[in-house]
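J.: Protein chains in written order, with the working numbering: chain A, 1 to 338; chain B, 1 to 338.
Be aware that a few hints might be false.
If several chains are the same, the list does not tell them apart, and a pair holds so long as it fits within one copy or across any two.
[Claimed, not checked] Calculated pairs, EDC-like style, for lysine to aspartate or glutamate (alpha carbon to alpha carbon, straight line, at most 16 Å):
1) Lys248 to Glu155
2) Lys238 to Asp183
3) Lys139 to Asp280
4) Lys248 to Glu223
5) Lys326 to Asp280
6) Lys195 to Glu166
7) Lys54 to Glu268
8) Lys54 to Asp328
9) Lys14 to Asp183
10) Lys194 to Glu166
11) Lys238 to Glu262
12) Lys54 to Glu310
13) Lys35 to Glu166
14) Lys65 to Glu312
15) Lys112 to Glu13
16) Lys102 to Asp328
17) Lys117 to Asp280
18) Lys241 to Asp63
19) Lys117 to Asp258
20) Lys117 to Asp183
Everything labelled a hint here was simulated from the structure, so no lab data went into it. These figures come from a predicted structure and were not determined experimentally.
Chain residues, written in single-letter form:
Protein chains: 2
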Amino acid sequence: MDLHIDNILNDLEKDNFQAYLLTKFTNVGYISDYKPTSFAFCVIKENPVIYASKMDMEIANRDSKIEVREYESFEVMIGELKKEGIKNLAIEPTLPYSTYEKFRDDFSVESKTYVDKQRMIKTPEEIKNIEKATEIAQKSFLELDILNNENNENEVAFDLVRLMVENGASKESFDTIVTSGADSSLPHAIPQAKKLNQPILIDWGAIYGGYCSDNTRTIIYTERQQEIWDIVAEAHDKAIKAIKPGIKCCEVDKVARDIISEYGYGNEFIHSTGHSLGLDIHETPGFSLRDETIIEKGMVITVEPGIYLEGEFGVRLEDTVAIYRKADVIGDLPLKID
Amino acid sequence: MDLHIDNILNDLEKDNFQAYLLTKFTNVGYISDYKPTSFAFCVIKENPVIYASKMDMEIANRDSKIEVREYESFEVMIGELKKEGIKNLAIEPTLPYSTYEKFRDDFSVESKTYVDKQRMIKTPEEIKNIEKATEIAQKSFLELDILNNENNENEVAFDLVRLMVENGASKESFDTIVTSGADSSLPHAIPQAKKLNQPILIDWGAIYGGYCSDNTRTIIYTERQQEIWDIVAEAHDKAIKAIKPGIKCCEVDKVARDIISEYGYGNEFIHSTGHSLGLDIHETPGFSLRDETIIEKGMVITVEPGIYLEGEFGVRLEDTVAIYRKADVIGDLPLKID
């Protein structure tokens, strides 16, 4: 039997559930190797089964390592589950309320993070995919020649995506951020149809083998920008040094946050220090104020402190860290681009 | 007071709810003009309020036409709502179960589609944005010169996105599909790192002013492909002619499905005939087997019949139709590309 499925069956037995319902595409893909492109109901139990949509049957039959049936109707599916004697069902926290509503009359339902928990710890093969995605993304960034680029922000963003695809990525891992000037104070700025101003902040990543990468660089020009950049770089470096198995995620956030606060910019660091990534660009755990998760070998988490001065500019620096015995930064792109 | 909010307040009163909770980014954007980039809780009541994340405060304050407060903690937010005497809460069907769980102890909760219902009927201004998005997407498609393109499928896909951005789109409205040869039998095929084979199926769209476009063309080469293409084109044309205010959505699906079935390919038409679009690429209602929604003026719905021959090839043709007194195809790209 498959290790991932075995682990879920153990969790189910411990918690007295008979089955685990998965509908999130990356979770279904993680468990079955078939990543839905339309809705699918994956039910993990002694004899796991996926109810796939008619339009996905060709790829589901091709890719899935667990049994696939064509979804006919909700009633047919529920009927089959009830006939097997299933009365209680664990669900994902992300399940839409309207789907939960359809199950709650026939089953006792509770949310569990069995798959998320497994996905927190990456295998060497998963980490290799993240490394390869990072390598493609960083190589493409350098080819972009950002210091001599005359295009608009939004054109630069899509040129970077095109380069990543040419270099072997299947696509970008999230909407590429290319922002500059005062707009860089928006952490999730949308690239605009305007020429690059100063500073330039680029937050980008590739997908390779289904796995995401994530980096940010900020290219600075003035003394004031350098001053802020130095603080962010110090927070970035010291947070990475602090990472090791056995400590809590929030302790890493505290390292970065304390440094930025000591320089007087605590209120301008307006997000968490980092997030896990893998099949999704945002996974758990994260380096945040309240995340008490103990860091373990096999986790892959970003470190991305930033300072955002409204009306002026923002600086963010981000690398992705794989945790073995200690924390290793993935990739070799210099922090300072000039 | 704002019309959208007024409508919701009327719905709430009729259904005996005190407030409506919105968290879906496009719904929050539709109501407030602020489209979150991180989580946000928008509560529509007599005095509507948005709890925005710290990192979104700059754009929320800039864009929102309703009051914005910085989200501090779940407890603070719940406390404020309870202090106002709110005891029952309508929620969106898409709300994740884990968010619902946080509200269910303090409020009586039920899912309602108040915003989806309003979004079904587009204003002339919304339709203009969809028309402009379509125009950009179709112009870019022609500039791609697909008949003389030597690139790989995935490169063509990203070249098309780059052209759309150059031509004024903010981005693609969904992952561009460029597929060819036997892979075209997968309705949601992922562009591969391989040269274009025959036939070529391209399904693409742009976003302009926040609004999506959606088109599909299949470029055919053999007699067998022509035979299938003709059937799909007949279903496409006759379904569009059938659309008018007052009939049910499922009746339009039936027109397309009956034609394809009469030619013996009913089992190879493996999805619905169409879906609404707007701020999202998939909205309700849709031209599907079971959608009994009555078609009204102001709806914008795609028509996209297809025939998928596993191991051989697939053909799909898609246009977007705006419903005024009758149904008008948006854009003027010929159905036959050769």
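J.: Next, verify each hint and record whether it holds.
T.: Results for each hint:
1. Lys248 to Glu155: neither (40 Å within a copy, 43 Å between copies)
2. Lys238 to Asp183: neither (27 Å within a copy, 49 Å between copies)
3. Lys139 to Asp280: neither (22 Å within a copy, 33 Å between copies)
4. Lys248 to Glu223: neither (36 Å within a copy, 65 Å between copies)
5. Lys326 to Asp280: neither (23 Å within a copy, 43 Å between copies)
6. Lys195 to Glu166: For lysine 195 and glutamate 166, only the inter-copy Cα distance (13 Å) is at most 16 Å; the intra-copy one is 24 Å.
7. Lys54 to Glu268: between (50 Å within a copy, 10 Å between copies)
8. Lys54 to Asp328: Result: close neither inside a copy nor across copies, 44 Å intra and 30 Å inter.
9. Lys14 to Asp183: Result: close neither inside a copy nor across copies, 50 Å intra and 43 Å inter.
10. Lys194 to Glu166: between (25 Å within a copy, 11 Å between copies)
11. Lys238 to Glu262: Classified as within: same-chain Cα gap 14 Å, cross-chain 69 Å, threshold 16 Å.
12. Lys54 to Glu310: Only across copies: lysine 54 and glutamate 310 sit 12 Å apart there, 50 Å inside one copy, limit 16 Å.
13. Lys35 to Glu166: Intra 23 Å, inter 32 Å, cutoff 16 Å: neither.
14. Lys65 to Glu312: neither (53 Å within a copy, 24 Å between copies)
15. Lys112 to Glu13: So lysine 112 and glutamate 13 pass the 16 Å test inside one copy only (13 Å; across, 36 Å).
16. Lys102 to Asp328: So lysine 102 and aspartate 328 fail the 16 Å test inside a copy (45 Å) and across (37 Å) alike.
17. Lys117 to Asp280: within (14 Å within a copy, 31 Å between copies)
18. Lys241 to Asp63: neither (41 Å within a copy, 39 Å between copies)
19. Lys117 to Asp258: The answer is neither: 29 Å in one copy and 48 Å across copies each exceed 16 Å.
20. Lys117 to Asp183: Cα proximity of lysine 117 and aspartate 183: none, with 37 Å in one copy and 35 Å across.
Hints 1, 2, 3, 4, 5, 8, 9, 13, 14, 16, 18, 19, 20, counting from the list given before, are not met by this structure.
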